[in-house]
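Engineer: So the protein lines, in turn, are chains A and B.
Those letters in the first sequence? Residues 1 to 273, by my numbering.
Those letters in the second sequence? Residues 1 to 273, by my numbering.
Honestly, I wouldn't trust all of these hints.
[What the hints assert, rightly or not] Taking beta-carbon pairs under 10 Å as the criterion, some of the chain A residues facing chain B (in silico):
hint, residue
1, V47
2, H144
3, L207
[Stated by the list, open to error] DMTMM-like cross-link-like pairs, simulated, lysine to aspartate or glutamate; straight-line CA separation at most 20 Å:
hint, chain 1, residue 1, chain 2, residue 2
4, A, K41, A, D257
5, B, K41, B, D83
6, B, K231, A, D112
7, B, K231, B, D259
8, B, K41, B, D259
9, A, K231, B, D112
Since the hints were made in silico from the structure, they are not lab data.
We put the CB at the ideal spot given by N, CA and C, even for glycine.
The residues making up each chain are set out below.
There are 2 protein chains.
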Amino acid sequence: MTEPARLSLNTATVKDQWTLTECIEACVRHGIGGIAPWRDKLIECGVDEAARRIRDAGLRVSGLCRGGWYTVDGRLSDAVVDDNFRAVDEAEAIGAECLVMVVGGLSPGSRDIVAARELVAEGLQRTLEYARLARVPVAIEPLHPMYAADRACVNTVGQALDLCDMLGTGIGVALDVYHVWWDPDLAAGIERAGSEQLLAFHICDWLVPTNDLLLDRGMPGDGVIDLSGIKGMVDATGYKGLIEVEIFSEHDWWTRDPDEVLRIMVERGRSIT
Amino acid sequence: MTEPARLSLNTATVKDQWTLTECIEACVRHGIGGIAPWRDKLIECGVDEAARRIRDAGLRVSGLCRGGWYTVDGRLSDAVVDDNFRAVDEAEAIGAECLVMVVGGLSPGSRDIVAARELVAEGLQRTLEYARLARVPVAIEPLHPMYAADRACVNTVGQALDLCDMLGTGIGVALDVYHVWWDPDLAAGIERAGSEQLLAFHICDWLVPTNDLLLDRGMPGDGVIDLSGIKGMVDATGYKGLIEVEIFSEHDWWTRDPDEVLRIMVERGRSIT
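Work out the full structure, taking the sequences as your base and the hints as a guide.
Structural biologist: Written out as structure tokens, the structure is:
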């Protein structure tokens, strides 16, 4: 049984319904232990104001979403580097346990995924140097291979860990079940990461059928992912972080009463052993 | 430049427009060297009739689509085993260079992908024993991870080759760029397969954006897959099979004049080095 105090609300889960302030208040109301803001909601609230409210609410911050997008200008532009520095600053200001990186897909007009991956490695290194000074852990989120072209060319835990090993300390992996549940090497990857490189653990569910590549994620329990099984692998590493619920759901959960969403999220959490 | 004689028309590419007989005649008309029927079109034509027409047209048969679906009854049922035996018989009758296997996803109501993979291995072994007697090569098609739940729980070339190595002779891989282009281990997987285990090579393209998980594949050249690059890896193995074009495209290619589809397919083939 996963108690609500172990859960974290990723603000994307109620993206269309609530501001960050409303999310913070709701976490307290539902006994949820942490929050993971997206940067747009953080900026909207104001970083210092958000930091104060989160601290006053006694919430942990399981992560800040998100840095990365290194490939968007076809080279490592100053704009991209600077934006990632700002993301580090924001993560530090709110006491985020990691900065989650969606690294970017192919550069515009390019078919060269090897080049994209090299650019990502270069970008991560630049961000990491800055993040180490701020003591903000950088968490590469391997994204499902269906996002390789347009969101992230890092697509498996093993590939992300190879990058981490190359880049050194201060960097690890954000494990989202939606992206990795299918991977025949998942158990080996989680074990390899261990508690040192496993920086975040995100849950939701894979629906059958899935009607949209991006915005049709399921509430934990409504799909086919063996959540208790994967949590068992994560627990075995000694991972002490929160379990973050991140659901993109244009036609279902984003249309519901957000208190109902959190009530069901807490209930489903309890059924994860 | 890939000449049309090196191409094979997978009948799915003009699924809504033509019967198998019409596909055969069109391949001759466009100088396309081979065909790969789906079983529904083959049965509709009649297996013996189809075999005669394909032979008379001088076409190679790059594969028969498809056997597999081992997990659909939650156990290896007689119905599934027998259907795969029939698929082997049909592949033999038309002189198919391989029987393409879409192995099946999770069993109904199950979240256990490890169990699904064990069932698939058991099913492949049963089919393979029968296929060896008929001298029909069995080709596991690793499907994109976005189909792991509902179509195939074998999702990478490496995973498919591990299965092949376990099962022995007479079995290899059908490599479809759509499913594998994103894989950081793709080059290594193709090299490992070599010409002995690389039994088929399918092309199409990954569109950005992709609007449907199943039915929005692109014509080669319209998307982001490095087709010449991957073909180079395949060529390096000494692969002598055809290059099969398989496009599922509900709102575009399936709505066009099929002769236009083949004309463009031939033209795009020439641009693949």
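Engineer: Against each hint, give a clear statement of whether it holds in the structure.
Structural biologist: Evaluation of the provided hints:
The beta carbon of A:V47 comes no nearer than 32 Å to any beta carbon in chain B, farther than 10 Å, and the hint placing it at the interface is violated. Interface restraint check for A:H144: the shortest CB-CB distance to chain B comes to about 6 Å, inside 10 Å, so the restraint holds. For the restraint placing A:L207 at the interface with chain B, the shortest Cβ-Cβ distance is roughly 9 Å, inside the 10 Å limit, so the hint holds. Pair hint A:K41 plus A:D257 holds up; C-alpha atoms about 19 Å apart against a cutoff of 20 Å.
A C-alpha spacing of about 16 Å is found between B:K41 and B:D83, which places the hinted pair at or below 20 Å, so the restraint holds. With a C-alpha separation of about 14 Å, the suggested pair B:K231 and A:D112 falls inside the 20 Å cut-off, and the hint holds. Under the criterion of a C-alpha separation no larger than 20 Å, the hint pairing B:K231 with B:D259 is inconsistent with the structure, at around 25 Å. Distance hint between B:K41 and B:D259 is fulfilled; the C-alpha atoms sit about 18 Å from each other, no more than 20 Å.
Distance hint between A:K231 and B:D112 is fulfilled; the C-alpha atoms sit about 14 Å from each other, no more than 20 Å.
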